[in-house]
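Participant: Listed below are the residues making up each chain.
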Amino acid sequence: MISGRTLAQGAWCESKMCDDFTKAASLCFLSEGDFKALNLSGGRNVLVKSAYGRVVMAPRIDKGLPPGMIFMAMGPWANSLVGPDTGGCGTPQFKGIEVDLEPTDEPVMDVRSMFTNLRGAKT
Amino acid sequence: MSGQEMKTRVEEDVLCSFCGCLCDDLVVEIEGNKVKNVRHACRLGASKLMGHERIRTPMIRKNGKLEEVSYQEAYDRAAQILVNAKRPLLYGWASTVCEAQKKGILLTEMVGGILDSTATVCHGPSILGIEERGLSGATLGQIKNRADLIVFWGCNPAEAHPKHGLRYSTNVCGFFTPEGRKGRKVLVVDVRQTRTAKNADKFIMIATGSDFEVLSALRMFVAGKGEFVPEKVGGVPKEELFEAADMMKAAKFGAFFFGLGITHSRGRSKNVGNALALIAELNAHTKFVVMPMRGHYNVAGIGQVAAWETGFPMSIDFSRGTAYFNPGETAACDVLSREDTDAVMVVASDPASNFPRGIVENLAKVPVIQIDPYENPTTLLAEVVIPSAIAGVECEGTAYRMDGLALRMKKLVNSPHPSDEGVLNGIIESVKKLRGTEAEAKAPNEASA
Amino acid sequence: MIIRGGIVYDPANGIFGEEIDLCIDRGRIVEDAKGEEIDAHDLLVMAGGVDAHSHIAGAKVNAGRIMRPDDARLGMEQATAVCRPSTGYTVPNCYAIGYRYAHLGYTTAFEAATPILESRHTHEELEEIPIIDKGALTLFGSNWEVMQCVRENDLKKLAAYVAWGLRASKGYGVKIVNPGGGEAWGFGANVKGIYDPVPNFDVTPAEIMKSLAQVNESLRLPHSIHVHFNNLGKPGNYTTAIESLDLFKDIKPSRMRQVVHVAHMQFSAYGGTSWKDFKSEAPAIADYFNKNHFCTMDIGQILFGSATTMTADAPLEYGNAHLLHTKWSNHDIELEESSGVVPLVYLRKNPVNAIQWAIGMELALLTKDPWNVILTTDHPNGSPFVNYPEVVSLLMSKVKRQEELSNIHELASKRTTLTGIEREMDWCDIAIMTRAAPAKILGLEDKGHLGVGADADVAVYDLRPEEVDPSTQHDLVKKALAVAKYTIKGGVLASRDGEIMAAPVGRTFWVDASVAKEDEERMMEDLKEKFDRYYSIKLSNYMVQDAYVPNPVVIKAGALPVEEVAP
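Protein chains in written order, with the working numbering: chain G, 1 to 123; chain X, 1 to 449; chain P, 1 to 567.
Careful, some of the hints might be misleading.
[Claimed, not checked] Residues on chain X that point at chain G, a partial pick, calculated with CB under 7 Å: (1) 47; (2) 120; (3) 429; (4) 432; (5) 436.
[Claimed, not checked] Derived list of chain G stretches under chain X, where covered just means 3 residues or more per stretch with a C-beta under 8 Å from a C-beta of chain X: (6) 67–78; (7) 91–101.
FYI, nobody ran anything at the bench for these hints, they're computed from the structure. Virtual Cβ for every residue (Gly too), placed ideally from N, Cα, C.
So that you can see chain G by itself, here it is in the shape it has in the complex (with noise of 0.2 Å):
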């Protein structure tokens, strides 16, 4: 998995609580062969895991993507794969984590959603 910035994600990046932001941010880019091997046609959510996290995306079609690879925009979604440890340099390793990705029925969480079990945990 790699995560980056796109157009729609930095044009709605100082938004985020709208769902214009969660739907530029939620999107799990694959190539078409990914695509179809996992059956996403018909509208349905994929969900990724990692050693670190899981997290219910919306699947898209990236035809610049080589197979094996997905593609997320930076933001809450994309970091709940990513894991904590800074290999001494302070920065975690955002990229080239090893996700695997199964079809899924649950929904994509909103922005606040995402959150709301920290404030929980907080108070």
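Given chain G, work out where chains X and P should sit, using these hints.
Facilitator: Then chains X and P, alone, in the frame of chain G:
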């Protein structure tokens, strides 16, 4: 509202406060006190200048809910949190102006905290690479006027820096480059075919996490030791890398731009060090410069300001009364993942969105003070929320472009909110007041003497 | 404030070690004053030191800091009630620069090189340096508009541009570094001599230097042109130095000062044809300065130990990095300049470094008139400025020099004349080289002396000049100069025995020169085209705004009769 106030003004040569390109050619139409239209900006810049939903008043969390308070109450509460903390982290600073950054450093010194910037989760590894190798750079105008080869490695300006090519690199015409794009070659190296790659003369798709190896192979070719390069490196045939190295050596003036593709993937700072070494070595054959594609409009600024004020560009720990720097130990993600900080102040950034989930969970365990114009996921975790004016739209100040050039941001409209600098000054005053009362309580005689 | 009983060395006013009470009121030296008394009985008293060439602020200094966290760690000091934390040795943070100059008894320092385009950054840093007064010299030597005016032989337009460039950069004077070389470096090349044309621009370094010198005088600028010669740092380059100096022989100064100031002469006084037969030509250079009085120099002394070289001479830095296999930073500035930064260590046992060290000494000691040769280390190129006391104690003691010669590579004795030089400087020489002459060379009328009306910048050293013999007690000299007993800046006690007592805000000097409107209009036509087509920013965003120089001292100059002539 009177007719006069509704008059439309046009501001020219406005600076854009989105990305590290810091474009200064925007034309902004202002009606009354509102930005009506932005011309010459990219989608990112226009969106920023046109404005979004704002935080309206200062808030403090009471019984789990954010409640409206006065600015003074918010300053006092923020000061109390910082003064009571043993090791506060003051984080962010990339999307505000240098004047606010200076105050932030002063406040961090006062409370013996750690100051870190968002560079720590983007080009922090680039700074470590520079410490190892130095950086052969140039202003963007030098590249515009001279470069006949542009290399984009692990970066995607088509989406992250949309006007880069038109103003500075691939497509712009300059003194020695009157033909613009026609007179230039563009080489893109990435792990996926980005929009930027689609506009390249040559695109090399490398395997994820193989940047270091591929850079090493290019260095071997540049040094004339190609016979030691294996048949395939990073999934790329040797022949293709030989051609790329040849293309670089053949340029009259090459410019190598790199992005988070190499700073965020396996190797991180070592990838950058290797890229900087490649560029230094190319200068034995031709002229070559290199530049990190900085994301936020003034993330370069916090590095500059911190360096001249403290000697270090980021991740600075003041808990010993002087500046101490050791990323891996003192970077924001390090102290948060160790749970080694007991209060966090966030200025002009959104770590709740941009840090790994596990670190965000730790952030949620400590009191968080947020200073920002906008609500974002960090607001949901914050104890104190202080809205501020948008620098470069509602207040003036200095910002540093990705090439290190300092420019002055303009004020276009009035804001009901104080600037980040103003908010920080308010907190600094509250800290002084609090310290004063503490000192008096401890030693009433001395204080009155 | 009254400073009582000190032994005052104020050579600009003909005072050579007399016991005098100094009176200070509202930041100036006055006839009479009341108030706080400072006891300086029998102690050495001089005007605050003036550093005319030091790299203290701007993009390349900060590049040095960013690439050298190792250096920052060498100078960590805690914050105090008055001080912000200090870091760094060769590239200290801004606060440390101010505090450490104050500890030395220095109260003024000029940043030696800033490109116009990046002057905003330079002023941001200058503003953060506490205590001292400062200014910045503006780079013109590889500038496209300068070269265009020179090519067109339009000196009036050039004068208009220089005046505008100083205003745009809030700069103090005309700095020329490796003229033409910065442009050639745009494509990785360099100019090889003063008559080697700049590629694509059809002008020679000689033409650039001479034209700028003429314009400098037509504008009646307080400082002369300030030049870093072509071929700097290369064996055999003393001929380039002398050839360059000859260009200025016939130019009349517009003020009571030199026509050209040569920066860090040591790096341009080299003989030999390669590093193998590298030797000193300092005697030839000193001889030139003894016979000609239109030129001045600063020595650019190197000292053994760590340094960070930084200069607008970018090809030189590439050469350094290539030779030494060290890390290298470079920064080209569109239409204006290039620059580079390379950390290095000068070693006693390295023959080249040992000879360089001796050359600096030779230049200072063989040039007879100390008004023509001032003390610098080209901070931090030769050594950080905190080591000035080491240089002074060497100049005052043959014993110390011989000791050092016996510790360093033997070629320093064989390839220079230092062993045979008997001269030992006295306090008068030192007061001239470190205060009076730099102030005069820069054209700072109220600095470098202690006459009535001068700025109340005073250094009192814990040394009894009537008792200490600098020749044999050089250790006492070094110790006393390293930590002033009192440093008074603008009438405020800033430093006492190595403790910062107050950190007043310093002022920034810049020059506003007027030119004829028609010349300026002609020049602006050129500039508009350059901004429309070649710069990467708009003209309206270029000039340094007033906000960046909140405490200015604006010196008026210009080609036109100035206002004071009017009734």
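Participant: Could you run down the list of hints and mark each one as holding or not?
Facilitator: Hint by hint, here is what the structure shows:
no. : hint   : result
1   : 47     : 4 Å, holds
2   : 120    : 5 Å, holds
3   : 429    : 28 Å, violated
4   : 432    : 29 Å, violated
5   : 436    : 31 Å, violated
6   : 67–78  : holds (count 5)
7   : 91–101 : holds (count 6)
Hint check: violations occur at hints 3, 4, 5; the rest are consistent with the structure.
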